[in-house]
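J.: Sequence:
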Amino acid sequence: MKKILFTAFSVLAFTVAVNAQEQGLVRLNTGLAFGSEAGFDASGFGINVGGEYFFTDIISAAPSYTYFFEDSEDILGFENSVRLSSINLDGRYYFLTDDIQVYGLFGIAFLSINGELQFVDLFGAVETVEFDDNETGVNFGGGIVYPLSDKVGLNGQLKYQTPGDGQLVINAGVAINLN
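1 is the number of the first residue of the sequence shown in my numbering; add one for each residue after it.
Simulated from the structure, these hints should not be mistaken for laboratory data.
Every residue gets a Cβ at the ideal spot worked out from N, C-alpha and C, and that includes glycine.
Honestly, I wouldn't trust all of these hints.
Label-pair distances were calculated between CB atoms; the ranges are [to be verified]: (1) Val174 - Ser36: 17 to 25 Å; (2) Asp132 - Ile58: 36 to 44 Å; (3) Ile100 - Tyr160: 16 to 24 Å; (4) Ser81 - Ser149: 40 to 48 Å.
Take these sequences, add in the hints, and give me the full structure.
T.: This is the structure in structure tokens:
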């Protein structure tokens with residue numbers, strides 16, 4: 001599975017590098033993220049930063065990074081915490097490109113989960129265990145870009161990520177055309 005994902009990522013990176021020399025729209029996306037499973041069996045907020053390169057008027061590559069703020073929970077007097085972040089390599093297909101732009105997306109998600117758990121061992125001492133896990137899966141969903149001017153627009157996106165326990169991620173932010 002890792003070899004397949006590495007091959008797919010390499011092909012995507014090579015394609016972007018080759019086509020990036022053609023004139024195409026480059027867009028920066030940034031904003032807030034809400035994840036339905038970004039904490040201890042609970043939702044969480046974070047930030048999202050990404051870019052987008054248009055190969056054609058309706059097809060683009062949109063890599064992004066989402067960082068969810070740390071979620072802490074007091075369980076029986078012990079402080080426990082978890083942090084999630086994800087790197088996303090999405091492709092977008094725009095169904096509407098006039099005033100309001102509407103797109104569907106599909107891509108690969110690399111999820112990183114880490115945190116700390118505290119508990120009492122058999123001898124009555126408090127132990128802290130750190131954990132770190134990485135998982136790979138897919139993203140699928142859609143979004144809209146509402147232009148405010150030729151350079152700036154509002155961006156809303158809804159996608160489902162399969163890594164971890166799976167979660168619905170809602171992004172709201174700003175899209176800035178760089179060229």
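J.: All hints, please: hold or fail.
T.: Here is how each hint holds up against the structure:
| no. | hint | result |
| --- | --- | --- |
| 1 | Val174 - Ser36: 17 to 25 Å | holds (23 Å) |
| 2 | Asp132 - Ile58: 36 to 44 Å | holds (39 Å) |
| 3 | Ile100 - Tyr160: 16 to 24 Å | holds (22 Å) |
| 4 | Ser81 - Ser149: 40 to 48 Å | holds (41 Å) |
Consistency note: the structure conflicts with none of the earlier hints.
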